[in-house]
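Construct the entire structure; sequences and hints are all you get.
Chains A and B, in that order, are what the protein sequence lines are. Heads up: the first sequence begins at 506 in this note's numbering, then just goes up one per residue. Heads up: the second sequence begins at 44 in this note's numbering, then just goes up one per residue.
Keep in mind the hints are simulated off the structure, nothing from the lab. As the structure is a computational prediction, the values presented were derived from the model and not from experiment. A couple of the hints might just be wrong.
[As the list claims (entries may be wrong)] Computed footprint of chain A on chain B, listed as stretches where at least three residues anywhere in the stretch have a Cβ under 8 Å from a Cβ of chain A:
id, region
1, 88-96
2, 121-128
3, 195-204
4, 208-221
[As the list claims (entries may be wrong)] Computed from the model, here is a short list of chain B residues facing chain A with C-beta under 10 Å:
id, residue
5, Leu48
6, Trp50
7, Leu53
8, Ile56
9, Leu58
10, Glu67
11, Ser151
12, Ala153
13, Leu154
14, Thr166
15, Leu167
16, Ile284
17, Ser294
18, Leu321
19, Ala330
20, Met345
Positions of the beta carbon are idealized from the N, C-alpha and C atoms, including for glycine.
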Amino acid sequence: MTGFLEHLVSGLASGGIYGLLALAIVLVRRTTGVINFAQGEMATLAAFGCWTLVDHGWAFWPAFGATIALSFAGGAALQVVVLRPVERGPLAGILVLTVGLMLSLNGLMAWIWGGAPKRFDGPFSASLVTVGGAAFSKRDIGVVVASLAVAALVGLLLTRTKLGLGLRAASASPAEARLAGVRVGAMRAAGWGLAAALGAVAGVLAAPSLGLEPNMLQTALLYALAAAVLGGLDSPAGALVGGLLLGVLLDLVGSYVHWVGGELRPATALAVLLAVLLVRPAGPLGVRRA
Amino acid sequence: MRQKLAWLALAAIVLAALPLPLSEPHTVELATVGAYFIAILGVDLLGRHAGEVSLGHGGFMAVGAYTTATLTADHGVRDLWTIPAAAAVAGGVGLLAGLPGLRVSGLSFALASFGIAVAAPTTLRRFDHLTGGSRGIALFGKSTQTGHGLGVLGLTNGQWLYALTWTVGVACFLVLWAILASSFGRSLHAVRDSELAAAAAGVNRPAVKLAAFGISAALAGIAGSLLAIDVAYVSPHTFPIQLSLYLLVGSVAGLYGSIWGAVLGALLVQYLSRLVGLVPHVDTSRAGPTTFFFGATLVALMLALPLVLRSADAIARRGHARPH
Numbered sequence: 506m507t508g509f510l511e512h513l514v515s516g517l518a519s520g521g522i523y524g525l526l527a528l529a530i531v532l533v534r535r536t537t538g539v540i541n542f543a544q545g546e547m548a549t550l551a552a553f554g555c556w557t558l559v560d561h562g563w564a565f566w567p568a569f570g571a572t573i574a575l576s577f578a579g580g581a582a583l584q585v586v587v588l589r590p591v592e593r594g595p596l597a598g599i600l601v602l603t604v605g606l607m608l609s610l611n612g613l614m615a616w617i618w619g620g621a622p623k624r625f626d627g628p629f630s631a632s633l634v635t636v637g638g639a640a641f642s643k644r645d646i647g648v649v650v651a652s653l654a655v656a657a658l659v660g661l662l663l664t665r666t667k668l669g670l671g672l673r674a675a676s677a678s679p680a681e682a683r684l685a686g687v688r689v690g691a692m693r694a695a696g697w698g699l700a701a702a703l704g705a706v707a708g709v710l711a712a713p714s715l716g717l718e719p720n721m722l723q724t725a726l727l728y729a730l731a732a733a734v735l736g737g738l739d740s741p742a743g744a745l746v747g748g749l750l751l752g753v754l755l756d757l758v759g760s761y762v763h764w765v766g767g768e769l770r771p772a773t774a775l776a777v778l779l780a781v782l783l784v785r786p787a788g789p790l791g792v793r794r795a
Numbered sequence: 044m045r046q047k048l049a050w051l052a053l054a055a056i057v058l059a060a061l062p063l064p065l066s067e068p069h070t071v072e073l074a075t076v077g078a079y080f081i082a083i084l085g086v087d088l089l090g091r092h093a094g095e096v097s098l099g100h101g102g103f104m105a106v107g108a109y110t111t112a113t114l115t116a117d118h119g120v121r122d123l124w125t126i127p128a129a130a131a132v133a134g135g136v137g138l139l140a141g142l143p144g145l146r147v148s149g150l151s152f153a154l155a156s157f158g159i160a161v162a163a164p165t166t167l168r169r170f171d172h173l174t175g176g177s178r179g180i181a182l183f184g185k186s187t188q189t190g191h192g193l194g195v196l197g198l199t200n201g202q203w204l205y206a207l208t209w210t211v212g213v214a215c216f217l218v219l220w221a222i223l224a225s226s227f228g229r230s231l232h233a234v235r236d237s238e239l240a241a242a243a244a245g246v247n248r249p250a251v252k253l254a255a256f257g258i259s260a261a262l263a264g265i266a267g268s269l270l271a272i273d274v275a276y277v278s279p280h281t282f283p284i285q286l287s288l289y290l291l292v293g294s295v296a297g298l299y300g301s302i303w304g305a306v307l308g309a310l311l312v313q314y315l316s317r318l319v320g321l322v323p324h325v326d327t328s329r330a331g332p333t334t335f336f337f338g339a340t341l342v343a344l345m346l347a348l349p350l351v352l353r354s355a356d357a358i359a360r361r362g363h364a365r366p367h
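So, in C-alpha cells, the structure goes:
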C-alpha cells in the first residue's frame, strides 16, 4: 500500500508536467487552430535559459520570473513573425512549419549547450519526507502543488479577466469578436505567449528529474499530446486531468506490470492515444461542443 | 511527352553510370539515398496526394528494417525475399495508425504517426530477444546475405546494393505513378480537395484514405528493409525521432517538382550534414548544426511556399486570359 502511494505521488508529479504541456497545446489549438509540435522544444529552451541565468549567479526565483516573461514574449513573437504569414493556408502546411520550428530549436540547443544532460537543481530539494511509512520526494510534492497552482491561475485568467474573455472570444468566433472590438491578432499572439510561458514552467519543473538536454521533452510531448487528446484537444481542464491521469497510469503500469516496464511507456501512451481517437475522438473527458 | 521520355532516359543512364567512378563506401552511400527516396515517396503520397502529414515514417522504416533483419539473421530467409514481407508488416502497422484517421481527419494521423516515431526506439529495446536490444542486429557475412558481402553478377558489393536499391526505387515510383493515374488516384485527390463533394460523388472515403495510409507505410517498410540490407546492420539508433522529421523535410523540399523533388529530398537527408560542414566555423561532429539546418530549411520552405504557389497561380491565370 505504501508503495502504491509512493507511485501515486511520483505519477502525479510527472502527470502535472504532462498536464501543463497539454494545457499549452490546448491553448494554442484553441486560439490558432493548430497543434504546435515545437511546444516541447520551446519548453526545453526556456529551461536552458533559466539554467544559464542561475549558472551566471542569479538566484532561482528571479531567474524563473525572467524566464517566464521572456518565454511569453518569445512565444508571441513566434506567432506574429513565423505563423501569421501562413495562418490562412492549409492545416498540413502549418503543422509542418511547427515541425520545422521543433527541429530548429532542437538543433540550436544541441549546438549551444551540447547533448550531455546538465544538472539543474530547481526550486525543490530531492530529499525524502516520510508520512505513515511511505517516503515521498519533496521535489515530487513540490511539482504536483506547483503545476496545480499554475493551472488554477491559468483557469482564473481565462474565466475571470478581460484578457481571458478576449482570448476565448477570439477563439470561439473571430469575426464576431472583431466586430465587438477584440483585437483578434493580438489575442492569437497572446495565446502563443501564454502557452510558451506555461511550457517554461513545465520545462523548469521537469529539468531536475529528467536531466536538462535538448531531447528532454520529446517523449513528454507524446504524453502531453495523448493527455490533450484525452481531454478532447479543446478543453483546458480536460488536458490537465488527462495529464495527471496519464502520469499516474504510466507510473503504475510501468512499475507493477513487469511486461511493460519503463521501455513500453511511450507505446502505452500511443495505445491510449489511438484508442481515444478511435473510440471517442471528442475525448472521454472532453465536452462535446454544440 | 517525347521530351519527357528523353529526360527520363537520360536520368536512367546517369543513374546507371553514376557509381562507376566512385569508391566502394560512396557507392553504398548512394544506395542508401535510394532507400530514403522510397521512404520520401511514401511521405509524399500522404502529403501531396492525400493531404495528411506523417511524422512517423522513420518508425515505419524501423518496422520494415527489423522485419528484414530478424528474418535474415535468425530465420534463414534470403534477404531479397524479406523485402515484400517488410512491406506487408509496415503496411499493416500503417493501417493500424491510420484507423483513427477515418473518424477524425487532419490532425489524427499526424498525432498517431508522431507517437510511432517516439515509441519505436524504446519498444525495439524492450523486445531485445527479437531485436538484439541496443546492440542491434548485424547482417554482414550471414549466409542469407546475397553475395555474402562480396558482390554478385560481376559487381562489387556496393555496386550490387546500389543496383538493387535503385531498381526497387524506380519500380516503386512506377507502381505509385500507375496507382495515382488510376481511378484510385482520382478518388484520393477528390477526398483531399473536398471530402463532402467526394462523398457525394460516391467515393468511399474511409477505404480510400486507409489504402493511402497502408501504401505509404508499406513504401517506408520497403525503404527500411533496403536500408538494413545496404548498411547490413540495424539498431534503435538507426531510427531516432529526427529521422522521421528529416524525411518530412525531404518530402517538402520535393514539393517543387514531383520525382526530381523526391530525389533531391533523399540527397538532402543523406548529405545535408556534410553540406553544413562546409560552412566555416561549424562543427558537424555534433548533431546540433545539422538538425538546426534541417529545421531552418523546413521553416524557410514553408514560408516561401505560399509565395511560390501564388506566383505560379498568377502565371497560370495570365496564360488562360491570353486571347487565342
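Going down the list of hints, with the structure as the test:
1. 88-96: holds (count 4)
2. 121-128: violated (count 0)
3. 195-204: violated (count 0)
4. 208-221: violated (count 0)
5. Leu48: Because about 33 Å separates Leu48 of chain B from the closest Cβ in chain A, which is outside the 10 Å limit, the hint is violated.
6. Trp50: 29 Å, violated
7. Leu53: Cβ of Leu53 of chain B sits 32 Å from chain A, so the hint is violated.
8. Ile56: This interface hint is violated because 35 Å lies over the 10 Å limit.
9. Leu58: 29 Å, violated
10. Glu67: This interface hint is violated because 31 Å lies over the 10 Å limit.
11. Ser151: 5 Å, holds
12. Ala153: Result: holds, 6 Å to nearest chain A Cβ.
13. Leu154: 6 Å, holds
14. Thr166: 5 Å, holds
15. Leu167: Holds, about 9 Å.
16. Ile284: With a closest approach of 6 Å, the Ile284 of chain B hint holds.
17. Ser294: Result: holds, 9 Å to nearest chain A Cβ.
18. Leu321: Given a least distance of 16 Å, the restraint on Leu321 of chain B is violated.
19. Ala330: 5 Å, holds
20. Met345: 4 Å, holds
Hint violations for this structure: numbers 2, 3, 4, 5, 6, 7, 8, 9, 10, 18, all remaining hints satisfied.
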